[in-house]
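So the sequences go chain by chain: A and B. Take 1 as the starting number for the first sequence in this note's numbering and just add one per residue. Take 1 as the starting number for the second sequence in this note's numbering and just add one per residue.
I should point out that these hints are in silico values taken from the structure, not numbers from a laboratory. Be aware that a few hints might be false.
Since the list gives no way to pick one copy over another, a pair counts as held whenever it fits inside one copy or between any two copies.
[As the list claims (entries may be wrong)] Subject to a maximum C-alpha distance of 30 Å in a straight line, what follows is the list of computed BS3-like cross-link-like pairs (lysine-lysine):
(1) K626 x K24
(2) K275 x K161
(3) K637 x K518
(4) K516 x K470
The primary structure of each chain is shown beneath.
Number of protein chains: 2
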Amino acid sequence: MAEKKKEKDRNRTIDPAALEVLAKTEGSGVETAYDRYLNMQPQCNYGNTGICCTICIQGPCRITKKASKGICGAAPYTIVARNLVRHVLGGTSAHCDHGMHIMSVMREIADGHESDYGITDPAKLKRVATQLDIAVEGRSDLEIFKDVVDLAEQEFSRLDKRTYSKWMQATVVPERVEKAMDCSIMPNSIHKTIAESMAQTHMGMDADPVNLVFQALKAALCDYIGMHISTDLSDILFGTPTPVVSEGNMGVLEEKMVNIALHGHNPVLSEMIVKAAREMQDEAKEAGAEGIKCMGICCTGNEVLMRQGVPVLTNFLSQELAIMTGAVDAMVVDVQCIMPGIQSVAECYHTKIITTIPNAKIPSSYYVDFDDTRAMEKAREIVTVAIEAFKERNPEKINIPQEKHKIVAGFSLEAMEDILGALSPESPIKAVTDAVDSGELEGVCLFAGCNNLKVPHDDSHFTIATELAKNDVLLVSTGCAAGTFGKLGLLNGDAIEKYAGDGLKAFLKRLNDANKDKLGDDLPLIFHMGSCVDNTRCYDFVTALAKQWGVDTPKVPFVASAPEAMSEKAVSIGSWCVTLGVPTHVGVIPPIPGSPLVDGIALQIAQDVYGGYFMWEEDPMEASKKLMDALQERTWKMKVHKMAAEKYETEISKTW
Amino acid sequence: MAEKKKEKDRNRTIDPAALEVLAKTEGSGVETAYDRYLNMQPQCNYGNTGICCTICIQGPCRITKKASKGICGAAPYTIVARNLVRHVLGGTSAHCDHGMHIMSVMREIADGHESDYGITDPAKLKRVATQLDIAVEGRSDLEIFKDVVDLAEQEFSRLDKRTYSKWMQATVVPERVEKAMDCSIMPNSIHKTIAESMAQTHMGMDADPVNLVFQALKAALCDYIGMHISTDLSDILFGTPTPVVSEGNMGVLEEKMVNIALHGHNPVLSEMIVKAAREMQDEAKEAGAEGIKCMGICCTGNEVLMRQGVPVLTNFLSQELAIMTGAVDAMVVDVQCIMPGIQSVAECYHTKIITTIPNAKIPSSYYVDFDDTRAMEKAREIVTVAIEAFKERNPEKINIPQEKHKIVAGFSLEAMEDILGALSPESPIKAVTDAVDSGELEGVCLFAGCNNLKVPHDDSHFTIATELAKNDVLLVSTGCAAGTFGKLGLLNGDAIEKYAGDGLKAFLKRLNDANKDKLGDDLPLIFHMGSCVDNTRCYDFVTALAKQWGVDTPKVPFVASAPEAMSEKAVSIGSWCVTLGVPTHVGVIPPIPGSPLVDGIALQIAQDVYGGYFMWEEDPMEASKKLMDALQERTWKMKVHKMAAEKYETEISKTW
């Protein structure tokens, strides 16, 4: 019955703006992901459960009653585990490519080449350097910077099998490094691990599912490392985010302005476009517009929201719908999660799709090679294309939904600590551990991940978040989950009154009161910590909590939820979360249950070995319960052991 | 009709030994790939043609009439091209992992750690160093060796975007480097390219099929580089092959000896086991055997055949059948193309499956961690297990087919040049170009690649090779193609009389006569140049021919054929062959035709851009014709332009 409905309903979203666009364009012949999803039903169940193997061209092999193994003899557990490794590799490579791009900009600066980029945040530079045991005293920013770039490069390229990732060792609790060493999954470097993992999944290589899953986790740790490097370097180049006030959802489009949607993931391009757009308001006025407005989609959107206060247009799934407002003059895209479908949609409107990166092109799109050694020049070229496109608008096609909400974002961990420090100056994070210890908070939950039409758009994010808020869980968020919350009004102070339970309400009120003089606005119900690559900011939060409590991370009442996971990046992020001790809910079942053995590793054995584990649960209310259970188990244990430790005057970390 | 037969016939091989084992075990309940292939029919046509996408977990998406694009809007050309990139990456990573293993052994030596390995071939070391512009004059072997290892490591790990692969620049004609630069596919290094290519195929990254296919070719060039490094380093460590006489097919099993099958791809393990086995004959005698006999399967087999004269037991597809002779005491495997199915088969016999490499395990197998820093100790441990297993033999289950043939192998390019030099001392390769120019030979064909049950085992290899021999084509071979030829009696002098056309016969006779004093036996019909990783030896042959003629490689009458391509390595090898100018026949249609656009790039546009191109052809007689056409077109053009060049006294390379 539910399945029937799912298959027939095109309006698979709870976002009012998206629903309005879908309604207004019904029957127009413009096809979007919402239509293509219906056309694709039913989806192949072999692929859905992971028991289809296309790794060699003697295949494809799929496991059936008649064929219980692949032609080579690969059991379902081998097939599922190999596919899982490759999914993680897709995610790890994507994040690391992102890091490589930022690193190549930094290499130019370090080598003294001319650049439109520079060191924007020397304080972050010094913090990062200090964490990595790079000397800072008495050295110039550039000297420190060079050492950071050198080390970052080594984290990607190191071959030496006796040297392990410095970035990981510098950022997680020592117990997690020990665990990774014990399980032989501590990476030497990113690129080597990607190559060796890919080799391990070749035909006739590894058939052992545990070995394969562990390698997936090793690759996932490289994802963690690459992401952490990306975030750290982005902060150095573009500044560490601090609280900003903005808005979200399609109502941010301005009928009389040149609207530029920035879509993708990388701040290298978007930061420069925002800058160029600010400088080129006059050119826009000459073209008959009142000015230029930039707005974001997906994680490029998050990057420029966090640092520049650029409003959020929409999140992943509704990227095509944004064009169908008829008011987007240019959609400038960089990398990842760009639906190829946007081009066909744009061709029904005046919108220019501007692709910018050599390894992410779309046929028929307008391609501007974003050479970052001529960044500003290229950014101006792109903005000029948008201004030109504005002139081609068809007023009859303009339909801007009036939906938008205030967003308070910009919560890097540094910003969080600054705010928490107002309650607990000697150790900011103690404000949270105290609130958990006292029972005011039940723990912390990270909402991350994408959108996925297998579940209704934005629904699970919204439902689970409000349910957890009601149950006094402190909420942080990134990526397209944060996109949902921004669009639907959960990233502002008004949402606290509406959704928070008494404990959370009290905690946030105290925080708000303590920071009144500092902030221009109320704190939000959910703290937006950045783009999906910034999930390491959230994990740094876990590490800080663990250190404050004096325990390993599997004891920290912190859970993660990716209710609408879609991309391989979500798979790799989820995998390192689990490896690093975090119970992780995924609301779309990944292609794993085809092997009960591998499924069991993900759901149970992972907990025995790493402390973290997965929970697959499509139903948002059920998922909320499971997340609460996971938190409460940890909070309860923490209390028991804290009491015992106090009574017997021992350290709590060693007792369970 | 043909399809019907294909689906029902379990005896899909022309190898008499394999047929005998299949016949004798019919109805025994022991399941092999031949059975599983039947169970798997019909195979999924979406996967077969490449239009199934599982890259994000919003999928799987498959292209149908109803769903002409993926949910994200990916067109069939994007889906097929992305899958192709990932197949090439699988192959490239596998070969490069092989190279990394050898390199790590060399790093230990270079750093002065104790090792059971050493520099076996200082002459090769100096040749390789000289090619790479590493100084050799007045330097010790170890000094040169260290520089070679350093450079090899850089070829894997380099990040600098302004420095390009040295190994490629040192080994191909300059025009090929220019072409790669022009097309932006010249790699900086292997690991970086693998990571960036994987990223390029992430959801919402590249949708442009040409861009994706070109990236696949860039990754394939890294395969070339990694393979070349692997072969060069193997020769330095274990010696450059020279002609050896041996035997092939299951008749090499000895009823009264401890039979150790060496299976996989890497000489690091197998060389040491052969050595240990030679030393441990007494232990075997104590166990009641007459001694120990090593024999090879797949490319580990080729490695030890080429350097140690170890006989060939069988090739890829019949690896399980070897166990079913009841006479294999241990099958020692390292990496790649190890069917997981061997373990279940072995459990019906006394055979021990010994896995040895941390990233290639099989559940329930006997695992010995082949720590190459204690190589000899570990090799002895493995041989001991085999001797113990010998005692467990069940005489009733022993059925050794009496099929075997003489093999003359060991034809590294150096060995080929040595032999050709007897005809043409000043420039050995001129012996071949002269024979082509005079019309004695029609050109050269490389047979490479695997086995694949989509076509009858060994049939296409045999049919096409004998057909081309009849048409005076000089034949070279590697990998499981060479396995076929060894098993079926084409790697010896007797085959010349039987199969060679008059021209080839005359050429080989002259060669034989000129080398009479040097060789212990007649030259073979087909020259076995090594394992599949050694295909670069064959491409060095193309380069040598091009240099001799003074042309770029797309003008050289040299073709390649992989009639039974199966693994991703075959896809990557085929792709660099095409990129480097070689018309390449593939006898199993890879998952590409689902996009006529990508198919067209492979079959036609590749020729316009790179000079090489693919030919898909399942029928071996048709394939022979296409290969002959490709050769004759080039030979004819060469003659015309040679005549013109002579007439007008110009260089021929610039004229077409």
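Here is what the structure says about each hint:
no., hint, result
1, K626 x K24, "neither (38 Å within a copy, 56 Å between copies)"
2, K275 x K161, "between (43 Å within a copy, 27 Å between copies)"
3, K637 x K518, "neither (36 Å within a copy, 80 Å between copies)"
4, K516 x K470, "within (24 Å within a copy, 91 Å between copies)"
Checked against the numbered hints above, the structure violates hints 1 and 3; every other hint is satisfied.
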